[in-house]
Amino acid sequence: MKPVFLVSAFAVIAVAAGSAFFATGGNASSLPHLSAETVAMGAEIYAENCASCHGAALEGEENWRERDADGYLPAPPHDASGHTWHHPTEQLFEITKYGTETVVGGGYRSNMAGFGDILTDDEIRAVLAYIKSTWPDRIIERHNELDAAYKASQQ
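Mature numbering (1 follows the signal peptide of the UniProt record, and there is no 0) puts the sequence shown at residues -22 to -1, 1 to 133.
A portion of the hints provided could be inaccurate.
[Unchecked claim] Quick list of simulated restraints, FRET-style, between CB atoms: (1) A14 with E123: 22 to 32 Å; (2) H64 with C31: 10 to 20 Å; (3) N89 with S59: 16 to 26 Å; (4) R43 with E119: 19 to 29 Å.
If you're looking for bench data, these hints aren't it; they were derived computationally from the structure.
Backbone N, C-alpha and C define an ideal beta-carbon position, used for all residues, glycine too.
All chains should be modelled from the sequences, with the hints used to inform the complete structure.
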């Protein structure tokens, strides 16, 4: 693909993400820790660092639930069809920062390397904010409930 097309495509995604943020009321109760600026920044960072594996539209790789010959799972989707929203934000942050193998442990095999040496904590949070901003309200509500339950279990 041509760079101009990619930049244009990601600009459209960023605008759509910002629109989704404002359509949900843009308040902290529906999308914690988000602002239109954070979502837009997250979309840009996602495009530069994540889209090559997880897809420009967060669609993931084909057959993402089936291990390859070496025992690795393809990159999962981060849209509502995937399982990203089944994990608390804190766990998603840790996986992004440290890598799946490090966080899961027990010999779990993953191509998802940590981005802690590449992205700041705020940049990781912005990417997660962007991803979450694309989910439908019902998924956001379920994810917020999951986050609340996780936080309560950590106290």
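Here is how each hint holds up against the structure:
Distance hint check: the CB atoms of A14 and E123 are about 24 Å apart, consistent with the given range 22 to 32 Å. Checked against the hint of 10 to 20 Å, the C-beta distance between H64 and C31 comes to roughly 19 Å, which is consistent with it. Between N89 and S59, the C-beta spacing of about 20 Å keeps the proposed range 16 to 26 Å intact. Between R43 and E119 the C-beta distance comes to about 25 Å, which sits within the given range of 19 to 29 Å.
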